[in-house]
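Novice: Each chain, letter by letter, is given below.
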Amino acid sequence: MHKRTLAILFTGLLHALSTYANNDEEVSELLPLSLEELMDVKVSISTNTQKTLSRAPAVVSLITAEDIKNAGATNLTEALQGVPGVYIRTNLFGFRPWVYVRGSGSANVLLMVNGAPIKEFISSSGQYWKGLPVSMIERIEIIRGPGSALYGSDASSGVINVITKTAGKINQSEAGVRVGSFDSQTTWLQHGTSWNGFDINFTAELLHTGGNNPLIEKDKAGIAGRASNGYDNADLRFSIAQGNWRLLADHTQKSNLAIGLTGGAYLDPLTRGSDSQTNLALLYKNATFAQDWGLEAELRYRDSAFSSGNGYFEQPPNPASIPYPDGKINQQRGAESRLNFELSGLYTGFRNHAIRLGGGYVKQDQYQVEQFVNYLNPNTGATLAAAGPLLDISDSPYAFLPKKARTNSYLFLQDVWNFAADWELTVGGRYDNYSDFGGAFNPRLALVWQTTDRLTTKLMYGEAFRAPSYGELYAHTATSIPNAALLPESSKTSELGFSYLATRDLKLGFNYYQFIQSNIIATDSTTTYQNTGELTSSGIELEALWQATKTLRLSGSLTDRKEDAPNVRSFNVPKQQAYLRADWAFQPKWHWNLQANWLSKHIYSTRDITSQPLGAYTLADTTLRYVHDKQWEFSASMRNLFDKDVREYVPTSSTKLPYNLPLPRRNVYAEIPYKF
Amino acid sequence: MKLFSRARNYLLAMLASSLLGFAPAQAAEVAAEASVRAALVFNFLKFTEWPAALESNPHLQLCIASSDPELVSAMESLNARQVHGKAILTMTLRQPVDCDVIYVDSRQRWNNISEAQGKAHALTIGGYAGFIADGGVIEIVLQEGNVRFDINLGAAKRTGLRLYPQLLKLARRIVE
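Just so you know, the sequences run in chain order A and B. As numbered in this note's numbering, residues 1 to 676 make up the first sequence, in order. As numbered in this note's numbering, residues 1 to 176 make up the second sequence, in order.
Honestly, the hints are just simulated from the structure, not real lab data. Values in this document were obtained by computation on a predicted structure and should not be read as measured data. There's no promise every hint is true.
As the list claims (entries may be wrong) - With a straight-line cut-off of 16 Å between C-alpha atoms, the simulated EDC-like cross-links for lysine to aspartate or glutamate are:
#, chain 1, residue 1, chain 2, residue 2
1, B, LYS46, A, GLU36
2, A, LYS403, A, ASP365
3, A, LYS42, B, GLU144
Stated by the list, open to error - Here are the in silico distance ranges between beta carbons for each label pair:
#, chain 1, residue 1, chain 2, residue 2, range
4, A, VAL177, B, GLU144, 16 to 24 Å
5, B, LYS169, A, THR457, 41 to 49 Å
6, B, LYS169, A, GLN514, 50 to 58 Å
7, A, SER409, B, GLY160, 29 to 37 Å
Heads up, the beta-carbon is just placed ideally off N, CA and C, and yes, glycines get one too.
Using the sequences and the accompanying hints, generate a full structural model.
Specialist: Okay, here's the thing in structure tokens:
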């Protein structure tokens, strides 16, 4: 049996090697095709596909829809797991998957959809952030490092821009279903067409998941139970384009969302939250607006709302300390609007220069705040001695937020100067003025040198900032006291990067960075938000992509990070990560993917106490995909292949969740998309 | 351990099925990016008409401005093939030459191409995002794993080229 196994392996290898046709042969096969037929040919993943990316004035990664399908990712956060230095950290409240880049939390990562930040006033990515479904994603662009010189606040350790399938990009229809573990069902429908000179596109995805509902051995009240975390999600997007104009309208809504655990680490069987975002964007882009001028204009409006449903179960009843038979109940509702206008021009009238300049205005308004609790006196804010009915504290000073608005205006200028044949210098900066804390200027400098035909060298420097969040400025929560005098967090990043095409099938990347954060906002010993100290972190990122044969691609990365201040918030994010991925088109219509993510142990800050240290672990996933023809395909995935019991660390866990937060065990998915 | 052996069996089963299911080469539905780009360039040449003044020229000079060896090799395989009764002559853009077609894969290289090399007279094809905004004629884009192209009709007219309707019809986007 073993001999036969070897023979099979060996023949397979030979088969793979022999199919490595040279270009000449392949081009000859393609030339007889008509232009239409050629446009139907799938482009295989090439070592050099992202070649232009290697010259971008930043450390950039790109994830295509194809990459997502091949790796069986069903959510944005799963798709991001293969990016060097990206860590998805599950949050206690609502199991929200925060995206960390280079060890820094989601507050320092700017997450955008079609160029618009999704961050809300009171939370990083929406009250009940669950990532984003992938069926409507065309590609994901990731910058590791600063981006405030172009994008403004939050772009300190990374910028992630999700590009969705919009008008003019797909000209067919697709319907699909996916079913899987945890009582999960997804259906989607997409349609792209042209009508009277307009390109129109529509995508819709509906998801229901019952949640993995992990067993919490002991919550803060010492109670054992399942933390329910199921929810329903609807993602609807419409776009229409004609000439230089593009209109995008989308609506996303989560409902029946069980948060599982409150921020205070109590099991919460009560909450059935919902939140929604509605976006409207009118975009104008004219690359040849006037001689040497390109022009872009954007008008965007967003409305977001959330409701905690029956309310958060802030504390269970306890005859000794919490004399409320129903426990402490906290119902919240909120809504905000965001209006943004931006105008920018690209001037190419000076030889070897591309100058982009522009400016914009943002108004964010928390126009609705409603809160009902059964434990506070709305007039005095004092805790009630005994349980009462739910009382309206919406307009009292004790509500979770005051109604406030913030405006931000900004100007930016960037010059990309091609000053010698193989040299490109990017110099830029952006000035932001906020109505609450004042101004911030963030410069950017990048030198890209095409050292040889195979080697690109980059030397970069950038500054970035993060405006204090609304919560940090004004919101009283169970665990924090606000501070209206906060200054923005700021950061300085220096980077040295090499991108090397060792052979035409092997691409290597190396980056070194130093990331100095100051005025970091964190709670002090009285749980009040303050601008605390500095954190210097430095790290390396190694990446390799090897097209071993025409059908087999291996890729991987290794990252390591050092930090000098043990008490700063992200200290316990794993410092070393390794990622390995194999993509093997072992038969013409088949694709097999295997990926493994290794994370080093969590290191605790000196403030944290834990009885359950978390060691290093590896999570592996596999996906098999079969593309029958232009219409049908099928894929099946298994995530957490070896059914590891992996946990996310909860700060000061021994006083909150002594056994930390369990992550999903092995789960499987199968999907069938159909194009027509 | 049990899980591991299960996974190994699974792997072996897949390998075995890969072998047993081995079928003769099928029609190429998937091809290397460089090859597809080269074939696309060849198609563009078929659907382009150069000004009459260039009619007497026995060759179509295809200049390749790229530092991607795979792409250069794929483009070079177009050498000596016939379009409009003329043989394609490929060359990399090192010395000043009068190009009829230029394929360029970065803004940096585009900016470095001089007028003498034919920038103003050639069918210019770009493989980087923003090429038509930089005044190029055709920009090749990858979209969901397929090739697509955008056309700057104004640039084509200034160059004196005529692009056939077959080509315009299939363009993803046309700007004037």
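Novice: Indicate, hint by hint, whether the structure satisfies it.
Specialist: Checked hints:
The straight-line distance between the Cα atoms of LYS46 (chain B) and GLU36 (chain A) is roughly 14 Å, inside the 16 Å bound, and the hint therefore holds. Distance hint between LYS403 (chain A) and ASP365 (chain A) is fulfilled; the C-alpha atoms sit about 8 Å from each other, no more than 16 Å. For the suggested pair LYS42 (chain A) and GLU144 (chain B), the alpha carbons sit about 9 Å apart, so the restraint of at most 16 Å is met. Remark: the range hint 16 to 24 Å for VAL177 (chain A) to GLU144 (chain B) is upheld by a beta-carbon distance near 20 Å.
Look at LYS169 (chain B) against THR457 (chain A): about 43 Å separates their beta carbons, and that is inside 41 to 49 Å. About 53 Å separates the C-beta atoms of LYS169 (chain B) and GLN514 (chain A), a value consistent with the hinted range of 50 to 58 Å. Range check, SER409 (chain A) to GLY160 (chain B): Cβ separation about 46 Å, and the 29 to 37 Å hint is violated.
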